[in-house]
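Chains as they are written, first to last, in the numbering used here: chain A, 1 to 263; chain B, 1 to 218.
Be a bit skeptical, because a hint or two may be false.
From the structure, some residues in chain B lie toward chain A, with a derived Cβ separation under 8 Å [said to hold, decoys possible]: (1) K28; (2) V52; (3) T58; (4) Y117; (5) F183; (6) S186.
Below are the DSS-like pairs computed for lysine-lysine, each with C-alpha atoms no more than 30 Å apart in a straight line [stated by the list, open to error]: (7) B:K7 to A:K123; (8) B:K7 to A:K34; (9) A:K59 to A:K221; (10) A:K236 to A:K158; (11) A:K127 to B:K28; (12) A:K34 to A:K236; (13) A:K127 to A:K158; (14) A:K221 to A:K236; (15) A:K33 to B:K7; (16) A:K221 to A:K127; (17) B:K7 to A:K221; (18) A:K221 to A:K34; (19) B:K28 to A:K258; (20) B:K152 to A:K236; (21) A:K59 to A:K158.
Worth flagging that the hints you see were computed from the coordinates, not collected in a lab.
Remember, predicted model here, so these are calculated numbers, not experimental data.
From the three backbone atoms N, C-alpha and C, an ideal C-beta is built for every residue, glycine too.
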Amino acid sequence: MAFTIYPVVEGRLSGLLLFVITLALTVYYLRSKKVPYIRRVPAIDAIEEGIGRATELGKPVIASCGMAASGINASTVAGLSMLTYTARLCARNDLRLMAPMGGSEESYTTMELARDLVETQYKLEGKSESFNIDDMPFLSGRQFAWASAYCGMMLREKPATNIMVGVQYASAVYISEVGHEVGAMVISGADYLSNVACLAASSDYVMIGEEMLAAGAYLSKDPGQLATIRTQDLVKTALIGILVIGLVVLALGSDVVKVFLSS
Amino acid sequence: MSFLKRKEFYVIILVIVSLFIYVPYFFKVPQAITNIETWLIDSSVVIGAFAVWVGFITSTRREIVRIQRRRRGWFYGVIILVLSWTMVIVGLGLGKTHVIFEFLQYAFVLPGDSTIYAILVFYLTSAGARAFRVNSFESGLLTVGALFVLLKQAPLGELLAPWVVPISTYLENYVAMGATRVFSVSLAVGALVLSIRLMMGQELALVGLVERVVKKEE
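The whole structure should be built from the sequences, with the hints applied where relevant.
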């Protein structure tokens with residue numbers, strides 16, 4: 001059983017409440033700019049280390065914003081943010097950045113966006129001549145063909161660092177293991193739990209779930225944006241609280257929390 | 001066109017579009033608003049379809065340049081061009097259900113995919129061998145847990161050690177399931193906050209695109 005309030009669509013009331021509360025908290029923290037304590041995320045910090053390693057070794061960096069299998073979703077946006085940041089650091093250090101695109105048919109859309117973002121970073125750092133569009137080829141619209149070509153690029157060019165953040169499926173292990181074989185530092189991030197487990201085994205650093213989604217704010221160093229990370233923690237704490245209350249209340253014979261969450 | 005230089009312009013567009021998507025999802029609205037929502041979603045599909053062609057033409061151009069300049073591996077460019085254009089011509093001319101298109105699909109594309117997928121087993125094993133090296137209490141615990149699950153899943157494992165089945169089932173249904181739920185909830189909350197940040201023009205990827213427009217205008 002669930003209760004409804006007109007004009008809210010049936011079954012979406014709790015979702016609407018969650019959205020409104022999150023929106024209000026995010027806006028509040030963005031405006032307040034009170035930087036909360038944010039723990040270090042080793043995988044995100046390692047990007048700078050990876051770029052430094054590439055500069056020292058004089059080798060290129062290879063990065064991917066994922067396959068974008070279902071279009072531009074949250075993980076792909078996080079992947080694009082990470083690619084933008086990597087491109088900025090590479091341009092600053094006058095490094096060659098290779099970003100093989102593809103993996104799904106939807107990746108064609110991401111490709112144009114990614115090329116624009118990377119080129120802009122090189123231009124903003126005054127290194128537009130260092131940007132080479134051939135380093136961002138569209139390899140294939142099929143997952144394994146893309147992964148094979150990605151690995152081929154790594155085997156030929158021997159990059160110092162492999163950064164792969166975004167939507168990743170089974171091919172992620174293939175890419176990260178080949179990265180490991182060629183001696184690259186592998187930094188990865190995925191939103192698919194089974195994949196995260198495999199990537200944890202095969203990568204030097206891995207971003208787990210929300211770490212990847214918060215990376216854009218974490219890297220911006222902007223107090224307002226950093227403060228929005230607090231929203232995630234608060235909402236999560238509230239959800240855990242609801243879960244515990246729900247369990248207790250259910251054990252006492254009332255399904256009020258269950259009804260509320262189904263509403 | 002000075003408004004194009006202002007970030008607010010892009011944020012306003014984002015907010016308007018987001019409202020047309022969010023409002024009909026949560027509220028009962030007049031049909032006209034639902035139509036706008038449908039139109040916006042359809043437009044993204046159309047834009048995506050155009051992007052497919054843009055991407056295809058770009059990659060064709062790139063391969064032609066590679067072949068003309070005899071860059072390393074140019075011969076593979078010839079193969080890519082021949083195969084991709086064959087698929088396009090056959091697919092567009094004869095249709096996706098035609099016997100020739102299906103032959104190309106089943107004789108070349110699928111076996112290639114399956115081969116790469118099969119190779120993954122070896123990569124997973126090598127990654128697992130590194131991950132399950134026991135050098136601390138936690139890694140020891142992980143290895144023991146993995147052994148139980150492996151024994152249950154492996155052929156004959158259940159026959160050789162029937163006592164692992166309840167332990168493995170418990171690990172899968174409670175320990176792993178709990179972690180999965182936590183992961184899903186945190187991912188959903190993270191995605192929600194990211195979408196709000198994006199809507200407010202704060203996310204790095206969007207800022208990057210706006211920088212591009214400003215640069216072009218200058």
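Cross-check of the supplied hints:
With a cut of 8 Å, the hint placing B:K28 at the interface with chain A holds, because the nearest CB-to-CB distance is about 4 Å. Interface hint at B:V52: satisfied, since its Cβ lies 5 Å from the closest Cβ of chain A, which is below the 8 Å cut-off. Because the closest C-beta pair between B:T58 and chain A is about 7 Å apart, less than 8 Å, the hint holds. Checking B:Y117 against chain A by beta carbon gives a least distance of about 6 Å; that is within 8 Å, so the hint holds.
The restraint placing B:F183 at the interface with chain A holds, with a minimum CB-CB distance near 5 Å, inside the 8 Å limit. The restraint placing B:S186 at the interface with chain A holds, with a minimum CB-CB distance near 4 Å, inside the 8 Å limit. Distance hint between B:K7 and A:K123 is fulfilled; the C-alpha atoms sit about 19 Å from each other, no more than 30 Å. Using a Cα cut-off of 30 Å, the hinted pair B:K7 and A:K34 holds, with the two alpha carbons roughly 23 Å apart.
Proximity of A:K59 to A:K221 is assessed by CA-CA distance (about 28 Å); at most 30 Å being required, the pair is judged to hold. Only pairs whose Cα atoms come within 30 Å are accepted, and A:K236 paired with A:K158 is rejected, the gap being roughly 41 Å. In summary, the hint linking A:K127 to B:K28 is not supported, as the alpha carbons are separated by about 52 Å, beyond the 30 Å threshold. Proximity of A:K34 to A:K236 is assessed by CA-CA distance (about 19 Å); at most 30 Å being required, the pair is judged to hold.
A hinted pair counts as satisfied when its Cα atoms are at most 30 Å apart, and A:K127 with A:K158 qualifies at roughly 23 Å. A threshold of 30 Å between alpha carbons decides the hint, and for A:K221 with A:K236 the separation of about 23 Å falls inside it, so the pair holds. Among the hinted pairs, A:K33 with B:K7 is consistent with the structure: their alpha-carbon atoms are about 20 Å apart, no more than 30 Å. Pair hint A:K221 plus A:K127 holds up; C-alpha atoms about 23 Å apart against a cutoff of 30 Å.
Of the supplied pair hints, the one linking B:K7 and A:K221 holds, its CA atoms being roughly 19 Å apart against a limit of 30 Å. A hinted pair counts as satisfied when its Cα atoms are at most 30 Å apart, and A:K221 with A:K34 qualifies at roughly 12 Å. Of the pairs offered as hints, the one joining B:K28 and A:K258 holds, with about 23 Å between alpha carbons and a cut-off of 30 Å not exceeded. A C-alpha spacing of about 34 Å is found between B:K152 and A:K236, which places the hinted pair above 30 Å, so the restraint is violated.
This hinted pair checks out: A:K59 and A:K158 have alpha carbons roughly 7 Å apart, not beyond 30 Å.
Going down the numbered hints, you'll see the structure goes against 10, 11, 20, while the others check out.
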